[in-house]
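Chains as they are written, first to last, in our numbering: chain B, 615 to 798; chain X, 615 to 798; chain W, 615 to 798; chain A, 615 to 798.
I should point out that these hints are in silico values taken from the structure, not numbers from a laboratory.
Note that the structure is a prediction, hence the values are computed from the model and not measured.
For glycine and all other residues, C-beta sits at the position ideal for the given N, C-alpha and C.
There may be inaccurate statements among the hints.
[As the list claims (entries may be wrong)] Some but not every residue of chain B turned toward chain X, in silico, with C-beta under 10 Å:
1) Arg-670
2) Thr-691
3) Ile-757
4) Pro-759
5) Trp-791
[Stated by the list, open to error] The following label-pair restraints were derived from C-beta to C-beta distances:
6) Glu-752(X) x Asp-621(B): 18 to 28 Å
7) Ser-781(W) x Glu-637(X): 26 to 36 Å
8) Asp-753(A) x Asn-796(X): 44 to 54 Å
9) Gly-749(B) x Gly-734(W): 31 to 41 Å
[As the list claims (entries may be wrong)] Calculated cross-link-like contacts (lysine-lysine; reagent style BS3-like; alpha-carbon spacing at most 25 Å):
10) Lys-715(A) x Lys-747(X)
11) Lys-747(B) x Lys-716(W)
12) Lys-716(B) x Lys-747(W)
13) Lys-747(B) x Lys-747(W)
14) Lys-715(A) x Lys-715(X)
Listed below are the residues making up each chain.
There are 4 protein chains.
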Amino acid sequence: MYHHLKDTVTSEISLVLDAVEEERIRQLMQSILSARTVVVHGAGRVGLACKAFSMRLGHLGRTAYAASDSTVPPVGTGDLVIVASSSGETQTSFDVGYLAKKNGAKIAVITAATHSRIGGLADVLIELKTQTKFGPTEDRASIQPMATLFEQSLQILFDVLVLMLMSETRQSHADLWSRHSNLD
Amino acid sequence: MYHHLKDTVTSEISLVLDAVEEERIRQLMQSILSARTVVVHGAGRVGLACKAFSMRLGHLGRTAYAASDSTVPPVGTGDLVIVASSSGETQTSFDVGYLAKKNGAKIAVITAATHSRIGGLADVLIELKTQTKFGPTEDRASIQPMATLFEQSLQILFDVLVLMLMSETRQSHADLWSRHSNLD
Amino acid sequence: MYHHLKDTVTSEISLVLDAVEEERIRQLMQSILSARTVVVHGAGRVGLACKAFSMRLGHLGRTAYAASDSTVPPVGTGDLVIVASSSGETQTSFDVGYLAKKNGAKIAVITAATHSRIGGLADVLIELKTQTKFGPTEDRASIQPMATLFEQSLQILFDVLVLMLMSETRQSHADLWSRHSNLD
Amino acid sequence: MYHHLKDTVTSEISLVLDAVEEERIRQLMQSILSARTVVVHGAGRVGLACKAFSMRLGHLGRTAYAASDSTVPPVGTGDLVIVASSSGETQTSFDVGYLAKKNGAKIAVITAATHSRIGGLADVLIELKTQTKFGPTEDRASIQPMATLFEQSLQILFDVLVLMLMSETRQSHADLWSRHSNLD
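Could you build all of it, start to finish, from the sequences and the hints given here?
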């Protein structure tokens with residue numbers, strides 16, 4: 615049962631990631647590289663993937679924050695705020711994106727619902743073709759509950775982006791380790 | 615470049631998960647089902663995967679906590695503490711596992727290093743055959759930096775376990791949604 | 615300088631707490647004792663005081679959560695959501711209070727601005743007469759920056775409430791210790 | 615009852631803060647001002663006071679982190695790690711202090727137990743004369759449970775230190791507001 619389920623899950627993730635347009639990922643990468651400060655935000659388990667990405671951005675030497683970090687500076691022109699939301703309607707995530715846009719930051723949105731309220735804020739828009747909390751649709755279903763497939767795809771998308779950023783900035787594994795906390 | 619990297623990453627994860635023994639996963643599942651309280655702990659990005667799993671355990675109706683939650687009760691006989699650590703040597707994670715064992719809880723360890731200090735605490739031991747922070751070895755390498763492959767595999771292992779728990783306890787997607795917070 | 619500043623700060627806090635109506639505190643205490651589940655929420659440093667209070671509610675044996683905990687259940691009739699906000703206008707805190715009220719929970723608000731949007735949601739309303747992020751007013755000023763005085767007063771108000779709850783439920787220090795995590 | 619308890623609590627805090635030696639506070643202030651990076655750490659509710667202080671250090675324009683933030687850099691010579699622990703024996707807090715010292719950082723410790731393991735790591739040592747988790751002693755008791763009095767005194771000590779840092783660096787309330795997040 616484990617091996618069968620594992621195969622289904624990894625296939626689901628692979629299909630979602632296949633459907634992402636490379637051009638959009640490159641736009642997001644360039645936005646990160648040209649930003650003064652990057653803030654990454656999402657709610658619940660999506661927020662955990664966002665925090666994980668902000669940690670790697672730190673390892674890459676970027677000035678980056680999860681929205682829950684202690685010393686997030688005010689954002690404005692020249693900064694990038696990345697908001698992820700499967701439904702694109704999470705109220706608290708909309709608030710963060712809305713406030714960031716109002717203050718002049720560039721907004722990147724990763725969502726399963728590009729026509730959502732949060733999608734509407736995007737300067738850079740990446741679609742992950744998964745079901746949302748509003749449930750499966752004809753061409754988007756998953757054996758997995760809730761927004762699991764979105765969260766998994768988001769996490770791996772971010773990790774692929776890390777590899778692209780490493781390549782673009784010519785950094786090695788050792789370069790990233792050198793910026794890792796030595797307190798745990 | 616994106617699609618090529620994405621294929622490599624999903625292949626890496628799939629290989630790691632293939633090598634996990636189903637029997638061990640079933641042991642972990644049974645330990646979860648028979649535990650009064652489950653606490654899940656890891657450091658850094660590993661800790662984020664642990665928190666994500668504790669959230670789903672809550673959705674499944676189990677009494678579960680991430681070690682950083684506000685009201686983690688004292689653990690003892692009848693409780694399960696799951697500790698994840700790629701190297702098996704993370705000091706703060708060892709502390710949690712050690713204290714849990716001393717207080718009588720059952721310990722499940724998920725690690726890339728079964729002969730580590732944390733591995734030595736395990737009642738249930740699951741190996742993810744990835745590189746650790748001590749670097750790649752002959753048969754364990756990854757194009758990905760740091761413990762990324764461990765973290766990804768851990769996250770998906772937990773999500774497969776969720777599917778097994780749903781099946782074992784005959785729960786639907788709707789059952790899980792019914793226990794989701796309505797405050798975000 | 616230290617001793618002079620320390621005296622001013624403790625006097626400021628004492629004055630704010632003196633002006634709180636005891637009857638309101640008793641209402642809040644009764645609401646906590648009659649609630650099935652209590653969720654406590656605030657943003658930023660106010661949120662830290664809220665999380666600290668949810669921890670003590672756990673020590674008191676109540677079913678309590680900070681809104682950021684892993685397994686916050688859906689709230690509804692019979693539950694209590696406590697929202698703290700100095701200005702009463704923090705968007706994400708308003709969202710939590712609004713969603714809680716819409717779902718049938720009772721709302722307690724602690725704020726310096728009772729006529730605010732968040733104040734307007736309250737079933738139980740407690741005023742802390744401090745300045746807010748909108749700055750000092752004629753009768754409300756502090757030598758301390760930002761919402762510091764609100765945060766300090768809130769923290770101590772919560773801690774006094776703990777003493778009242780201990781007395782009302784006849785619990786000793788040892789009773790609280792017995793529910794403390796044994797993993798740190 | 616509320617007003618009586620409130621008076622007792624604020625008196626307890628005031629007495630603890632009176633007994634702190636100003637010279638030690640000035641040492642801590644100078645250590646903060648000369649540090650490249652400041653990391654503040656504690657466990658549980660003590661950790662919340664530490665996170666609150668790291669937020670204000672950010673508002674003051676210092677490079678500061680709570681140990682749980684996303685992008686804590688490695689610390690070494692020229693950095694300051696502040697560890698707070700009432701008992702001075704909290705294992706995970708000892709680990710952080712120990713690792714910081716081993717890596718060359720300066721260590722400041724705030725504790726009720728100066729002869730503890732964590733106290734022994736200190737370059738700058740501040741005593742708050744309160745009871746610890748090991749219980750009250752002849753000259754240190756509190757009506758409040760657990761380490762509440764330590765946590766309250768710590769929070770206000772940090773806030774007084776903020777006022778001293780503002781004075782020393784000639785900053786106004788508006789200067790601090792200008793560095794506050796505009797995303798909530």
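Hints, verified against the model:
no.	hint	verdict
1	Arg-670	holds, 8 Å
2	Thr-691	violated, 28 Å
3	Ile-757	holds, 7 Å
4	Pro-759	holds, 4 Å
5	Trp-791	holds, 6 Å
6	Glu-752(X) x Asp-621(B): 18 to 28 Å	holds, 27 Å
7	Ser-781(W) x Glu-637(X): 26 to 36 Å	violated, 53 Å
8	Asp-753(A) x Asn-796(X): 44 to 54 Å	holds, 50 Å
9	Gly-749(B) x Gly-734(W): 31 to 41 Å	holds, 33 Å
10	Lys-715(A) x Lys-747(X)	holds, 21 Å
11	Lys-747(B) x Lys-716(W)	holds, 19 Å
12	Lys-716(B) x Lys-747(W)	holds, 19 Å
13	Lys-747(B) x Lys-747(W)	violated, 35 Å
14	Lys-715(A) x Lys-715(X)	violated, 28 Å
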